[in-house]
Structure formats: C-alpha cells, structure tokens
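**Q** Heads up: the sequence lines are chains A and B, in that order.
Residue 21 in the working numbering is what sits at position 21 of the first sequence, and the numbering runs on without skipping anything.
Residue 22 in the working numbering is what sits at position 22 of the second sequence, and the numbering runs on without skipping anything.
These are calculated hints, taken from the structure and not from any lab test.
It cannot be assumed that every hint is accurate.
[To be verified] Chain A stretches covered by chain B per the calculated footprint, using a threshold of three residues with CB under 8 Å from any CB of chain B:
#	segment
1	319-329
2	332-344
3	411-417
[Unchecked claim] What follows is a list of derived Cβ distance ranges for each label pair:
#	chain 1	residue 1	chain 2	residue 2	range
4	B	His16	A	Asp316	19 to 27 Å
5	A	Val20	B	Arg181	43 to 51 Å
6	A	Ala302	B	Ala116	36 to 44 Å
7	A	Thr415	B	Arg143	25 to 33 Å
8	B	Arg191	A	Ile305	52 to 60 Å
9	B	Pro30	A	Asn313	47 to 55 Å
10	B	Asn212	A	Val20	49 to 57 Å
11	B	Asp142	A	Thr415	21 to 29 Å
12	A	Ser2	B	Ala15	37 to 45 Å
13	B	Ala118	A	Thr415	27 to 35 Å
14	A	Ser367	B	Arg143	47 to 55 Å
Glycine included, every Cβ here is placed at the ideal spot set by N, Cα and C.
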Amino acid sequence: MSDFSIILRSLRIRLFSTVVTILTVAVAVGLFLTLLSMRESGRDAFRRGSGNIDLLVSAEPGPLVSVLNGLFHAGAPANPIPWARFEALRASYPWAWAIPLQQGDNYRGYPAIATTPAFFEDYQPEAGRPWAFAAGRPFEANFEIVAGSEVAATTGVAVGDRITLTHGSGGSREDHGHSHDEYDYEVVGILEPSGSAHDRALFSDLESSWVLHAFDRHEAEGRHVHVGVDDLEEVDRAVTGILLKVPSRGGMASAALPQQFDRLRREGFTVAQPAQEIGRLLGIVANVDALLIAMAAAVLLASGIGIMLALYNSMDQRRRQVAIMRVLGASRGKVFSLTLTESAMIGVAGGVIGTLFAAIGNAATASTLKERLGLVIPWSLDPATVLAVVVGTTILAAAAGVLPGLVAYRTPVATNLRPTA
Amino acid sequence: MPTTPALLVRDLSFAHPGGPAVTIDEWSVPAGGEVLLQGPSGSGKSTILQLLAGLLDAKSGRVEIDGEDLLAVRGAERDRRRGRRIGMIFQTFNLLSGFSARENAMLAMHFAGVPAAAHRERAADLLGSLGLSGNELDRPVDRLSVGQQQRVAVARALAAEPAIVLADEPTASLDPDNAARTVDLVREACRTRGAALLLTSHDPSLAERFENRIDVSTFVSLPSGAGS
Ligand SMILES: Nc1ncnc2c1ncn2[C@@H]1O[C@H](COP(=O)(O)OP(=O)(O)OP(=O)(O)O)[C@@H](O)[C@H]1O
Ligand SMILES: [Mg+2]
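Take these sequences, add in the hints, and give me the full structure.
**A** Below you can see the structure in the form of structure tokens.
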C-alpha cells in the first residue's frame with residue numbers, strides 16, 4: 001500500500017459521491033475553458049479580419065464604422081471616393097501597395113466586393129497567411145467572380161456557375177434590393193476558409209461593378225440602354241474604401257505611418273488603423289467578457305465548495321477510519337495530508353475531464369460549423385492557459401480539502417475506537 | 001532478566017476528567033510474555049491500553065516498549081513508534097471497511113514504515129498462516145465472515161512485527177467455547193512471531209487459561225466522592 005493507493009481506495013469506497021463531485025468540477029472546468037476559448041476565438045476573428053493592412057481610407061463618417069463596414073461587412077459603405085482622388089492618393093506616397101474596394105452589391109445577401117487582383121496577392125486577411133483557393137482561380141476578366149468559403153458552403157455556388165448580383169442594401173437576406181439580371185457573372189474560383197469575415201463575401205473586378213451602377217444611373221434617368229465598359233463615365237468610377245500598406249523595413253512599420261495618417265486626415269479622408277479600431281471595439285465588449293468569465297469562475301468556485309461538502313459530509317464515516325489509521329501508526333499530519341490530497345485529486349480528475357469535455361465539445365461544434373457554414377472557429381486556447389486552469393482547479397480543490405483535513409487532524413483516537421451499538 | 005521487557009511502565013499517572021484515576025508505579029511484561037488484565041465493565045481496561053499505546057496523554061511517567069519510551073516523544077514520532085512496536089486488536093475488530101483483508105494488513109505495514117515491495121507477500125503469508133487464502137485475501141473485509149474478520153484483525157496487529165500486542169476484549173461478544181478458541185488463536189499467533197500479549201477481559205472464565213493475571217483495580221482508583 002502507498003498513500004496514493006489508500007486515497008484511490010478511499011475515493012472508490014464513496015464511488016457515487018466521488019463520480020458526482022468529479023463531474024461537477026469537470027462541467028465547471030469545461031464551461032470555464034469554453035468561455036475562455038470563445039472569447040479568444042472572437043478576438044482572433046476580429047484580429048484576422050484586419051490582416052496585414054496599415055490603414056483603411058474611406059469617406060465613412062467614422063473610423064470604427066469604416067472598419068466594421070469595410071473589413072467585416074457589417075453593412076455596405078455608402079460614401080464614394082471618386083477614382084481620380086484614389087489615383088492621386090496612390091501617387092502621393094510610395095506605398096507598398098494600395099488596393100481599392102467598391103462595395104454595395106450582394107449575392108443572396110452576401111456582400112460582393114469589387115477590387116483589383118492585387119487583393120489576393122498583397123492583402124492577407126490574417127497576416128502571414130496568404131489566400132488559398134479551394135477551387136478555380138482569381139478573377140482576371142470582367143464579370144468573373146470568386147466566392148468566399150462560407151458563401152460556397154451555404155449557397156452551393158461552384159466554379160462554372162453563372163450568378164447575378166443584386167444592388168441595394170435590403171435589410172434581410174430575402175429583401176435584397178433589385179436584381180441585375182441583365183448582367184451575369186461567371187464563378188471562376190472558390191476560396192479556402194480564412195477565418196475572417198471575407199469568407200462571407202464574393203470578389204470581382206471594379207469595372208463590372210461600375211457598369212452595374214452606370215446601368216442603374218441610366219435607368220433612373222429614364223434611359224433603357226445597354227451599358228458596356230466603354231460607356232463608363234467619370235461619375236461611374238468610384239470606390240468606397242482603400243487598403244494601404246506603408247513600406248516596412250525589417251518587419252517594423254516605418255515611422256512614416258503616423259505622418260501619412262495625419263496627412264490623409266487633413267485631406268478630408270476618414271483614416272482608420274484597423275488594429276487600433278478593433279482594440280477599441282474589444283475594449284467595449286471586454287466588460288461583457290469579464291462578466292461571463294466571472295460567472296464561469298463563480299461556477300468553478302461553487303464546484304470547489306461541492307468538493308468540500310462531499311468530503312465534509314463523509315467525515316462522520318471517516319472518523320473511525322482516521323482513528324484506526326492513527327492506531328496503525330499514521331500521524332495527525334499524515335491523515336490531514338491524505339484528506340487534502342484526496343480533495344486535490346478530485347480537482348485534478350475534474351480538471352482533466354473538464355478539459356476533455358471542452359475539447360470534444362469544441363471539436364464537435366467546430367466541425368459542424370465548418371461543414372455547414374464554412375466558418376472556422378479553431379480551439380484557440382494555448383496549452384499554458386489550459387494547464388493554468390487545471391492547476392488552478394487543483395489548488396482550489398486542495399483548498400477545499402483544508403477544512404475536512406483539519407477535522408481529520410483533530411479527530412480524537414480513543415473515543416472513535418469504541419464499539420458502536 | 002538480561003533481555004529487554006516487551007513492556008515496562010514506571011510512575012504512570014492519568015485521569016479522565018471526572019473519571020477514575022490510573023496510577024501505575026511499576027509494571028512489566030517480559031518479551032514474549034502473556035498477561036491477562038482483568039476487570040469488570042467500566043473498570044478502566046480500555047483506558048489503560050490506550051495509555052500504554054500513547055493514544056491518551058499521561059500526566060507523567062514512562063511507557064517503554066521494547067526499551068523505547070513511547071511517552072518521551074510526541075506527535076508523528078510517537079505515532080511511528082506505536083505503529084512499529086505495538087499491535088492492537090479490538091472487540092469489534094475496527095477493520096478498515098471497504099479495504100480488503102490484504103489491504104488491512106498492508107496498511108499496518110505502510111504506516112509502520114515497512115518497505116512497500118514486501119507488503120503483498122508478507123500480508124499473504126500472514127493471512128495464510130491464520131487460515132485465509134485465495135480470493136478471501138482480496139475481498140473487502142465487510143464481506144468476510146465474523147470469524148474471518150477476527151483473523152484479519154489478528155493478522156493486522158502482527159503485520160509490523162510488534163514487540164507487544166494489546167488485545168482489548170477480543171472475546172467480549174463470543175460464547176465461552178468461541179472465546180476460548182479466539183484466545184488460543186491470538187496467543188498462538190503472538191507466540192509464533194515472538195510478540196508479547198496483553199489481553200483484557202471482564203470474563204472470569206478466561207482466568208484459568210493465563211498464568212499471569214492482574215486485576216485492573218491494582219491500577220485504578222475511582223474518583224473521590226464516587227465511593228471505593
Ligand atoms: N473520555 C472520557 N472522559 C471521562 N470519562 C471517561 C472517558 N472515557 C472513559 N471514561 C470513564 O472511564 C471509566 C473506564 O472506562 P473504560 O472504557 O476504560 O472501561 P473498560 O474497562 O474498558 O470497560 P468495558 O469493559 O465496558 O469496555 C468508565 O467509567 C468511563 O465512563
Ligand atoms: Mg473497554
């Protein structure tokens with residue numbers, strides 16, 4: 001016999017209570033880890049969206065709105081920047097790259113973004129992870145379109161399909177403005193999931209989008225004519241956002257970034273540093289986060305109290321056991337540490353099983369979400385956090401064992417050896 | 001006698017608050033000796049055994065077990081000495097319920113500091129010599145017969161090879177035939193292993209089986225006011 005086998009036996013003698021207590025702890029740990037993981041996933045999703053760009057320039061009313069609309073497609077930006085202004089901006093400084101975006105159309109509620117092929121070459125939704133195609137290729141000619149992974153998964157569009165876009169910002173997916181049936185696009189590529197909001201978008205060239213709007217403009221003026229690329233006028237050529245990258249040396253953004261930020265603002269643009277705006281946004285939701293984590297911590301604490309109660313309630317039964325062990329040569333300190341260790345072991349078991357619960361639950365939801373929606377929500381807890389939670393649970397459980405341990409420590413031997421009636 | 005006595009008590013005094021007082025000026029049990037401590041119910045037999053085992057704190061005095069004074073040390077060290085030098089048997093056995101017969105014996109070895117590697121085999125040998133074998137060894141003691149439980153209790157008392165076994169009324173709940181058989185079993189087991197035996201009983205019929213007898217009243221005086 002060793003101390004360890006004594007504790008295992010003791011846990012098995014009260015098997016039901018042991019299992020229930022461990023499961024209580026496991027559920028609490030699982031919940032705690034899941035909430036932590038969800039919070040991290042949420043943050044990651046926002047971090048991913050801003051990717052490798054330094055500045056987002058637009059004519060939106062504010063920088064946070066411009067980021068939410070321009071990079072996360074919360075809504076369509078409504079304020080155009082004329083093409084000539086974009087070209088002037090592009091020429092005003094030796095940018096590493098400058099990519100124009102034009103938003104406003106959608107396919108069955110999913111935003112269609114008109115841009116240049118550089119979008120797939122230079123911009124990365126998650127810095128360091130270039131775009132990858134699940135099928136097909138980037139758009140090259142007019143009226144070619146690429147679908148994000150979630151769009152492909154939910155609408156079933158495939159390479160070779162012909163689709164028509166809808167103009168307008170209808171609120172629901174059922175009511176998406178009027179249709180551009182006159183112009184259809186050929187799907188030429190399907191993207192791999194990027195884990196960003198762009199998975200819910202489609203991408204095509206600028207000119208085709210301008211043609212759609214030019215057609216609308218003519219219709220509005222009462223002229224029913226076919227509009228081609230050659231018919232585009234200066235007024236049709238506009239963009240709603242510009243992604244900018246400042247040249248960097250050795251991975252560090254150059255000191256020019258704040259200067260350019262200020263200069264563009266003075267020129268009347270809305271200029272956003274996406275990472276900062278996301279930081280502000282996360283700061284706003286941090287309070288809700290903290291509340292959720294606090295609630296999960298309270299559940300964890302309650303499970304610790306559960307351990308203490310389970311042990312404490314069994315102390316009546318244990319007093320004789322303690323007295324016998326003392327007769328056999330166990331010291332007060334030994335019976336105290338046996339009780340404390342038993343409690344801590346409930347914590348270890350609960351922590352490990354709880355981690356399994358969280359991992360299995362996460363894997364199940366993640367694979368469902370990926371299959372059904374093409375959404376990537378990875379398990380985003382690093383091993384250090386998981387280890388910290390398991391160790392913390394063990395310490396909590398050990399603390400819960402202090403009081404029952406003291407009862408064992410103080411158990412008088414002589415009176416507990418008497419025959420019971 | 002040149003050999004160290006198994007038990008040597010000097011100037012021991014103790015009193016339960018409001019209870020009878022125990023005073024032992026000098027008393028010894030030789031190594032391998034057998035002594036019957038007689039006295040009616042409530043006379044103080046258990047109190048004396050618990051004192052000798054260091055489970056109650058004496059006001060003063062020495063209790064040497066195999067030459068080592070148990071009362072000179074306190075706490076963990078006293079517990080350790082008790083585990084090594086003294087085996088105890090109780091009227092209701094006080095086996096650890098939920099633990100197997102073998103584990104009960106092994107626990108005594110564990111707390112007495114016997115190396116773990118030896119536990120399993122030594123416990124099986126010991127229990128085997130007392131008539132338990134096969135799957136009885138690994139059955140929880142709660143599912144053994146009373147007779148088997150008694151043998152486990154004897155085995156556990158001898159597991160750490162103590163100098164003396166203190167048996168507190170092991171026959172109290174038995175009919176005379178069984179009482180005699182039990183006493184023989186305990187005696188035989190102690191003899192085989194060279195352990196001294198101090199056995200208490202309120203049953204006068206056991207007296208003739210022991211050469212050395214002592215009456216509890218030799219050591220115990222009732223509290224003042226309770227009459228004599
Ligand atoms: N903790 C205690 N406090 C006060 N008095 C006690 C305590 N324990 C025992 N006594 C008293 O001491 C006396 C001796 O008790 P003890 O249990 O030693 O007797 P015993 O000879 O073993 O009796 P029995 O044969 O019934 O087991 C009894 O009168 C008892 O009431
Ligand atoms: Mg008694």
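**Q** All hints, please: hold or fail.
**A** For each hint, the structure was consulted:
no.	hint	verdict
1	319-329	holds (count 9)
2	332-344	holds (count 3)
3	411-417	holds (count 3)
4	B:His16 - A:Asp316: 19 to 27 Å	holds (24 Å)
5	A:Val20 - B:Arg181: 43 to 51 Å	holds (45 Å)
6	A:Ala302 - B:Ala116: 36 to 44 Å	holds (38 Å)
7	A:Thr415 - B:Arg143: 25 to 33 Å	holds (28 Å)
8	B:Arg191 - A:Ile305: 52 to 60 Å	holds (54 Å)
9	B:Pro30 - A:Asn313: 47 to 55 Å	holds (48 Å)
10	B:Asn212 - A:Val20: 49 to 57 Å	holds (55 Å)
11	B:Asp142 - A:Thr415: 21 to 29 Å	holds (23 Å)
12	A:Ser2 - B:Ala15: 37 to 45 Å	holds (40 Å)
13	B:Ala118 - A:Thr415: 27 to 35 Å	holds (34 Å)
14	A:Ser367 - B:Arg143: 47 to 55 Å	holds (48 Å)
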